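Participant: The residues making up each chain are set out below.
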Amino acid sequence: MAFAHLHLHTEYSLLDGACRIKPLMKRLKDLGLDACAVTDHGVLYGAIDFYTACKENGIHPVIGCEVYICQDMDEKRALTKEYSHLILLCENETGYKNLMFLVSEAFTRGYYYKPRIDYRLLKAHHEGLICLSACLSGDLPKMLLDERYNDAEKYVRDMAETFGPDHYYIEIMDHGIPEEKTVLPRLIEMSEKTGIPLVATNDCHYEQKKDADAQEVLMCIQTGKTLEDDARMRMTTRELYVKSEAEMKQLFPGHEDAVERAHEIAMRCQVEFDFSRVHLPRFDVPEGETSASMLRRLCEEGLRQRYPGDDREARERLNYELSVIEKMGYVDYFLIVWDFIKYAKDHGIMVGPGRGSGAGSIVAYCLNITMLDPLKYNLLFERFLNPERVSMPDIDVDFCYERRQEVIDYVARKYGADHVCQIITFGTMAARGVIRDVGRVLGYSYAEVDQVAKAVPMALDMTLEKAMSQSKDLRDMYENDPRITRLIDTAMTLEGMPRHASTHAAGVLITRDPVTQYVPLQRNDDVITTQYPMGVIEKLGLLKMDFLGLRTLTVIRDTLDMLKKRGIDLDPEKIPLDDEAVFDMICDGDTDGVFQLEGGGMRTFLTNMRPRNFEDIIAAISLYRPGPMESIPRYIRGKQHPETVQYKTPLLGPILDVTYGCMVYQEQVMQIVRDLAGYSYGRSDLVRRAMAKKKKDVMAKEREIFVNGSEKDHIPGAVRNGVPADVAESIFDEMTAFASYAFNKPHAACYAVVALRTGYLKCHYPAEFMAAMMNSFTGNTGKVAGYIYYCRQHNIPILPPSINSSLRQFTVDLDAKGNPGIRFGMGGVKNVGDKAIDTIVREREAGGPYRDIFDFCRRVAGEDVNKRAVESLIKAGCFDGLGARRVQCMAVYESAIDAQTNQKKQNVTGQVSLFDLGQPAESMRMEETYPDLPEYPLKELLSQEKEMTGIYCSAHPLDEFAETLNRLPVNTAYLQELAEREDKGIAQDGRRVAMGGLIAETHSKATKKGALMGFITLEDQTGQVECLLFPRVYEQYSHMIYEDMPALLTGRLSIREDEDPKLIVDTIEPLTAGQAAAKTEAPPPPDTRTDAERAKDAPVKLYLRIKREQMDGVQWILGLDKGDTPVYINLPEEKITLLCPRELWVREAEETCRDLESMLDKADMKVVRK
Amino acid sequence: MKREAVLTVPATEEWALVLRMAASGVGALYDLALDVMDDLGVAIDESLDLLTHQPARPGQVEMSSFADEEGLHVCLTARDRAPAAPGEDMDPEIAEAILNTLVTHAELERDASGVYGVRMTLPRKE
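Protein chains in written order, with this note's numbering: chain A, 1 to 1170; chain B, 10001 to 10126.
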């Protein structure tokens, strides 16, 4: 006697099923069930995870699906929205392949509201499948409920005939739903009448009865409703849980055989996955060659180019790598990568210098797959391909953002479109997000939910469980408020579940046979993707590649193209990485637009670090991240005072000298265990992995071996190499602490190459580089405005759009003084389409520059260049400088176009009426003169430019306030930077600030209580911010605010994870150059207090207890975030407490404490509030 | 005659407010400057925090104050101390450093079971 669930929805029945796979296993074991099926709605997303978990837990897995079926899957009209459910289970491998095919077709061909198949397709692909008639939404129960008995009988007999004996079953369920009670006897009768056996199932959507509420919440999240909503879709039962055999038998007295049959069916289903096999596609090689010989030939050619002189060391490494690659069976893999990278380079598509551990391979370097010499930079092959650990190699490649698809298309052409597809990824309900989702469903106020969500610390891989242990606030709320208890408990049950499916940004799958032979497919918008995510693809031994689109490569290409026009032909791969001027620029913090070095904190770090070579940049990229950041003060000190660098043993010197005694790279950990304890290359990588994953048992074992060695493993150990045991232990412990966040050096090195290349272009060709940057952000007016502001500040002329000079994009053009400046493109002008621009440019190139608006209209006005486009071009300033004022152009353009149109008409008529030929053409022309009108005021001119291009082109109305505005620490560029941070700058929420700019827009709205609230869009030189005026403030200031008013606003920042930063306004005053300057220079009343007096009055103070030798590091961190909170430093050994000078006061004491945690104990830091 | 005022409160965080208010009253009597009173409030918070986070947890805290030519003296003393037990103890050194930036002079009294008293002196208005 036994039972197995054959109708079960896991979490992969997105926002419907609440059975998590792992806890489900425990539930099944607790109930003594030894087999179970997965039948998610229309998808196989979780099949492999389910299979693996079952195998790990000794449960027999059955792979299945509850498909959607309709009469004609190609029919997609509103009337055919009807579909039914049907359960399909895989009896064998043929069945699995058929099921993959069916669900793929359902998505790629039959999708209409749901992924649907039809009976015709099912009939053709039924082999190896067992079919159950499904729940109340199945066709059979529907017919029986409608009392269409004859149709039902015919249906059952047809299905039995399609699937064959013992492959079609009538499913009976009882969840206490009235319709089920009605249909149950009819199903039993049908079984008796037709001889088709019954099988009992439960429509499992959650593990236990108590989880019913969580499932309701899940459904509300899916449908965007709240629990209180009467109209929401709801389950009419709480019985959709994983039941025991006894419970099932109790439900169907007299039909126990139907319950036991479920187990018999489960055991008949035998699908096995072999995860040890690799299914690499083959690379076609020329006749007479094998893959291996071709790879060797290509490498030899590359070796001669890469190492033209003495290549002994390189050759040795190459031979070793090739032998490993051949032994592990990855020859074709390298050829495939070589081939598409070659295609890209041959077709002028920019390719990154490499990414990830692949840069550690000399084979990749010789094949031009990567561009960094692994020998020169001490990059390890084992980090990439470890002969002691069988795993797929992983080469990720960056391509020009705009042309990445061309490479994917090439791969699809080469291996066949049905052999290539993109990969799915699942967004999951993360800790903060799930609190917000659940809070909304429970109908809690935004503020209440926000408070809870914000108490969850911002950190990678944060879970609610971790948050509860780390955050006292959260714990207190949970313990003291039953509403919050409910919120968090529900959120915990749903946390981590997949929420939606989308396309992985970079992953591409290439298979030997058609993709559907290996994985099910689906359609996300217009892209076909797998139904299995990246991890499962790798597990199945399939080849996935990361084709990343990198905007910076597009910027480099654009810059080089522009330079070519100036006669400068620069090979991107030959851009020097040791240019002194570039390092000077970086040390000055002038890194706008420079890849990876652009952020505010990074700039400060660079100005302190003062990098002078390529290795420094690699270190900077590796260090400036959470975790390694702790080593920054030590690194800087070591760099500035190399004599202070100390090593625990001299053996560490050669390994850590490049990073001044700090452990920065994973490769250093590997080298330490090799050089100090005698580990092999491969094993050193295994140790690194164990450390990174914090595998305690492995680490304890390795610690002993590292110190004392292991005869069995032929490892001498550090002690035998002359390192004292206690020193060896402390080195191992330090490595362990560091390994989890150490950076992969090849990855950082590749990024450093791109950083220095962009730095070089910016430093030596700033106009071209900034123009290319702006082109890469076309459509993002905030970013473009930011770069324009930068150019103005750095004396790079910004040239307005010109009908005789502009192309579609930003280009470099000479200004009146002959200096290279950035010319606005016409592509950014509203209402001017690509066709219009093409026409304008083509005619200009053919017939020379346009003389004036009349000449322009005569030559190009027509269908593509219509009145609206011409008006926009005039307003954008394209005709400025052609001898007429803008106002004059506006006055004549319509009649000029009309005249042109008439002329054309008359010409056409002329073709048919020879009588007209006698009329002189001149008499038909309008008089081409301008009315004498005064030009628009400057403000109006600028506002027109803004209206048409989204940006102020020729000047900025705030230029006169620039000095004042520059003094304000917070502007829209700063807010944009916050928004781009991983933590969204949440810590700045509530910060009191003053912001200046133009009031671009203003409107009001009535609150529920009838009071008026104001909304202002404030615009400064780089962007816009929304400002809110609560009723009291709005009442006070509404009379004085107007659009285009230069204003100075004070208030509090409102920063939320899910929306743009806002300013909650307290005061508004007009911004005038003099007044504002006075305000920011010497805010009234003039503060004449001494630092000590200010400190005394400060509402918050930070106290630190440090040792004298920590002073440098602490000071450096204090200087990172300057503000008004005084800092006291207590030196206990000297028994003094010092008030830090004003420039070391900080903005947020708590935030500074977090930054200092790496150097000081928590007990040594205290925030004191008044 | 030394005119001393004494107030005893339960040794828990919420009573800090009562101690602060009482201290403000005393400060007003002795004509302390407003900013000095502000600092005294912070110092009382800090002292109570220190006394209640010592190995020997007090049941009550007594605040006494009197004035002389040096200024106003405020003392907080732990009463009804339980036997010393491990817990989240506060480090007295940093507290002392903090107190000394708030008042003219602060001194801790301690024994084997931790800090049991804080003596502070504040300047009277010039």
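In case anyone wonders, no lab produced these hints; they're calculated from the structure. Heads up, some of the hints might be wrong.
As the list claims (entries may be wrong) - Label pairs and their calculated CB-CB ranges:
{"#": "1", "chain 1": "B", "residue 1": "A10028", "chain 2": "A", "residue 2": "P1099", "range": "17 to 23 angstroms"}
{"#": "2", "chain 1": "A", "residue 1": "G443", "chain 2": "B", "residue 2": "D10035", "range": "46 to 52 angstroms"}
{"#": "3", "chain 1": "B", "residue 1": "T10104", "chain 2": "A", "residue 2": "E1109", "range": "54 to 60 angstroms"}
{"#": "4", "chain 1": "A", "residue 1": "A1163", "chain 2": "B", "residue 2": "P10123", "range": "29 to 35 angstroms"}
{"#": "5", "chain 1": "A", "residue 1": "E598", "chain 2": "B", "residue 2": "P10123", "range": "29 to 35 angstroms"}
Note that this is a predicted model, so its numbers are computed, not measured. We put the CB at the ideal spot given by N, CA and C, even for glycine.
Participant: Now look at each hint and say whether the structure bears it out.
Facilitator: Taking the hints in turn, this is what the structure says about them:
For B/A10028 and A/P1099, the Cβ-Cβ distance of about 22 angstroms falls inside the hinted range of 17 to 23 angstroms, so the restraint holds. Against the hinted window of 46 to 52 angstroms, the Cβ-Cβ separation of A/G443 and B/D10035 comes to about 48 angstroms, which satisfies the hint. Separated by about 31 angstroms at the C-beta atoms, B/T10104 and A/E1109 break the suggested range of 54 to 60 angstroms. A hinted range of 29 to 35 angstroms for the beta carbons of A/A1163 and B/P10123 is consistent with their spacing of about 30 angstroms.
Range check, A/E598 to B/P10123: Cβ separation about 52 angstroms, and the 29 to 35 angstroms hint is violated.
Consistency with the previously given hints fails for numbers 3, 5, ordered from lowest to highest.
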